[in-house]
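Engineer: Here the protein sequences line up with chains A and B, keeping their order.
Count the first sequence with the numbering used here and you get residues 1 to 240, in order.
Count the second sequence with the numbering used here and you get residues 1 to 344, in order.
Heads up, some of the hints might be wrong.
[What the hints assert, rightly or not] Quick list of in silico lysine-lysine cross-link-like pairs, DSS-like style, CA-CA up to 27 Å:
id	chain 1	residue 1	chain 2	residue 2
1	A	Lys141	A	Lys182
2	B	Lys215	A	Lys141
3	A	Lys199	A	Lys182
4	A	Lys141	B	Lys218
5	A	Lys58	B	Lys215
6	B	Lys194	B	Lys182
7	A	Lys199	A	Lys164
8	A	Lys184	A	Lys141
9	A	Lys141	B	Lys23
[As the list claims (entries may be wrong)] Derived, one-sided and incomplete: chain B residues facing chain A with beta-carbon distance under 10 Å:
id	residue
10	Lys215
11	Lys218
12	Leu221
13	Gln228
14	Glu231
15	Glu234
16	Leu240
Don't read these hints as lab results, they were simulated from the structure.
Keep in mind that this is a model prediction, so the values were computed, not measured.
Glycine included, C-beta positions come from ideal geometry on N, C-alpha and C.
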Amino acid sequence: MSDPILELAGVHTDIAQYHILQGVDLSVPRGGVTMLLGRNGVGKTTTLRTIIGHWQAKSGSLRFDGADITTLPTPARARAGIGFVPEDMGIFSDLTVEENMILAAASGPLDPARLEWIFAAFPPLRTFWRSEAGNLSGGQKQMLSIARAMAEERALYLIDEPTKGLAPAIISTMAGALRDLKNKGASILLVEQNFAVAKALGDTAAVMDDGRIVWAGQMAELAGDAALQERLMGLSMEAH
Amino acid sequence: MTTAAPDHAPKYAQLSLPDRIGKAMPLLLVPLLVVFGFLSIGSPSSWLTLTVSGLAMGMMIFIMASGLTLVFGLMDVINFGHGAFISVGAYVGISVLLALENWTGVPSLLLNVAAVLAAVIAAMCVTGALGWGFERVIVRPVYGAHLKQILVTVGGLIVIEQMIHVLWGPDEIYLTRPEMLKGAVTFAGAAIEKYRLLAVVFGLALFVAMRLVLKRTKIGLIVRAGVQNGEMVEALGYRLRLVFIGVFIAGSALAGLGGVMWGLYQEVITAGMGEEMMILVFIVVIIGGLGSVEGAFIGALLVGLLQNYVAFLEPKLALISNIALMTAILMWRPQGMMPVVKAK
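If we strip away everything but chain A, and leave its shape as in the complex, we get (with noise of 0.2 Å):
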C-alpha cells in the first residue's frame, strides 16, 4: 500500500468538558474514498472538525502528506490541500453562488475549465449562478457546498454527510460528483449515513465507537459481512 495521505496517532479532543476523541488512530490512503462510519454521537463529525481544525487536538499527532500539521491553524490546512464540506454544509447564504464559488478559490481567480466541470456534475448551480445562495433548495445548497470544495484541486477532500436529508434524485447526482472527483485521483474521507452510498463508493473504511477507531479495513469486506456490521455498529448497514 502507497504512504497514506492523512495520519492520525493517539488524537484526543475535547469540547468544553466532555472528552469526545479518545486515542483516534486513523490512515487515510492516498487516493480513493475512505468511509468514517460509526452509530451517531460516536465522534464522527469531531474526527472531521479536528483534521481541518476547527477543534484542536489535546493530544497525539496528524501528519497529512507527510508533514505535521498538528498545530497548525485551520487556514494553514486549508492551504496545504485539505478541503472541508462540513455537516450543515457552510453557506454564506447571503452571498451569491457566483460569490461563494469564488471565495472558494482562494489561491487566485476560478480557473474556467475547472467551472465547467463543476457545472457538468451540478447543473443547478449554473443556472442559479447570480441567486444569493440562501434562496437554494437542501439539494443545491448541499451541491454548491461540495462545488466549493471542488474549486481548487485539493490533495484531501473531508466530507460530513452529504446526503443527509436529500431526495434520492440528488443523493444519486451527488454521488456521480465524488465518484468523479476519486476518478480524478482525488482522496475522501466520507462520513456517510447511506449504506447504498457507502458502499458504492467505498474503498476502505474505518468504523468508529466511544471516540475511537474500532475496525479499520477494505469497504466491501465490511458490506460482506453483516455479522461484523452487527457487532461493529449495532445494526446491519443492509436493513438500515
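Here the structure of chain A is known, so what remains is to put chain B in place on it, guided by the hints.
Structural biologist: The following block gives chain B in isolation, referenced to the frame of chain A:
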C-alpha cells in the same frame, strides 16, 4: 474582481409579493419617516432644515457605527471601548485644526479643506494605530468571553478617557469651524448649514465607498462571508484573524473620523463625548442588525431624522425617541432590520 460568469440567462426563484415587501420594508422606513416629518411639521422650510440636520447627524453616527457592527459580526466581539476612538479622534483632529488656525481662519476654500483633510488624516492615523494596540492588548485575550469583553473594553475606555484628561486637560475645548464651513445657504426658504450639507455628502460618499469595497472586492467578500460564518471562511484557507485586525483598525479609524466630524458639528469636544455617543451607536448597530453595514446606515438615518423631528414637535419626547424606535423595531424584527450574523 475576476469572475467566471457563464453566458446564459439564469432563472430566479420568484418571491411572493408579501415576501418582497417584507424584504424591502427597512429600505422604505427612511422615506416614510421623511414623509411623516413633512406632514407633521407643516412648514416646508422647517421640515427641510430639520431633514438635512437629521441626515447629517445620521451620517456621522453611521461613520462611527459601521466599524463596530463589522467587528461584532466578524469575531463576535462586543467592544464597549469603541467610544474612546471617537473621543481621541476628535481631540487629535481638533488639535490639528487649532494648530492650523492660519489656514482655518481665512476665507479660502483651498486652505480650509486642506486643514480639515489634515485633521481627518491625523485623527484616522492615530485612532487606527490606537485600535491596533487596543485589539492586541485588550481584546485579543478575551475572545469568546462576552462578559470579560464588556468589562475589559469598558476599562480600556475609562483608561483612554483619563489619558485624554492628562494630555489635553480636564476642560472641554471649544472651537469654531473653518471660515468657509461657517454659515448657511438658503434653499426654498430654508436655512441649511453648510457644514451639515458637507456631512451629508461626505457620509453618503463613504457609505457608497464601503459598499463598493464590500460588494466588489475579494477582501469585501471575505469580510461579508466572515460575518456569516467565520469558521467556514478559515476552512477555505483565509486567515480571518488578519482580516479582523484590519477591520478593527479600519473601524477605529472611522470612529476617529466620526469624532472629528462630530466635534466640528457640535463645536465643542469633551473626553466623554465618545462614551455619550455610544448609546446612539449601539442603538444603530442593534436596530440595523448585527454585522450589517446597510442596516447600520438605515438605522443611523432613522435615529438622526427621528431625533430632529421629535425635538421640534415635542422636545420632551426627544429624550426617549431613539429608545422608543429601538423598542419598536425589535418588536417588529427581533434580530434587527437586516441581520447578517446568523450562524453564530
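Engineer: Was the hint right that Leu240(B) lines chain A, CB cutoff 10 Å?
Structural biologist: holds, 7 Å
Engineer: With a cut-off of 10 Å on the beta carbons, see whether Glu234(B) makes it to chain A.
Structural biologist: holds, 4 Å
Engineer: Decide if the proposed pair is consistent with the structure: Lys141(A) and Lys182(A), CA atoms, cutoff 27 Å inclusive.
Structural biologist: holds, 21 Å
Engineer: Against chain A, run the beta carbon of Leu221(B) and see if the smallest gap drops under 10 Å.
Structural biologist: At about 5 Å, which falls below the 10 Å cut-off, the nearest Cβ of chain A leaves the hint on Leu221(B) intact, so it holds.
Engineer: Was the hint right that Lys215(B) lines chain A, CB cutoff 10 Å?
Structural biologist: Since chain A brings a Cβ to about 9 Å from Lys215(B), closer than 10 Å, the hint holds.
Engineer: Is Lys215(B) within 27 Å of Lys141(A), Cα to Cα?
Structural biologist: holds, 21 Å
Engineer: CA of Lys184(A) to CA of Lys141(A), is that 27 Å or under?
Structural biologist: holds, 23 Å
Engineer: Checking one constraint from the list: CA of Lys199(A) to CA of Lys164(A), max 27 Å. Satisfied?
Structural biologist: holds, 16 Å
Engineer: Tell me if Lys218(B) is really an interface residue toward chain A, meaning its C-beta lies closer than 10 Å to one of theirs.
Structural biologist: Because about 7 Å separates Lys218(B) from the closest Cβ in chain A, which is inside the 10 Å limit, the hint holds.
Engineer: What's the verdict on Lys141(A) and Lys23(B), does the C-alpha distance respect the 27 Å limit or exceed it?
Structural biologist: Since the Cα atoms of Lys141(A) and Lys23(B) sit roughly 21 Å apart, the hinted pair holds (cutoff 27 Å).
Engineer: Against chain A, run the beta carbon of Gln228(B) and see if the smallest gap drops under 10 Å.
Structural biologist: holds, 5 Å
Engineer: Is it true that the CA of Lys194(B) sits at most 27 Å from the CA of Lys182(B)?
Structural biologist: Holds: Lys194(B) and Lys182(B) sit about 7 Å apart, inside 27 Å.
Violated hint: 5 only; the structure is consistent with all others.
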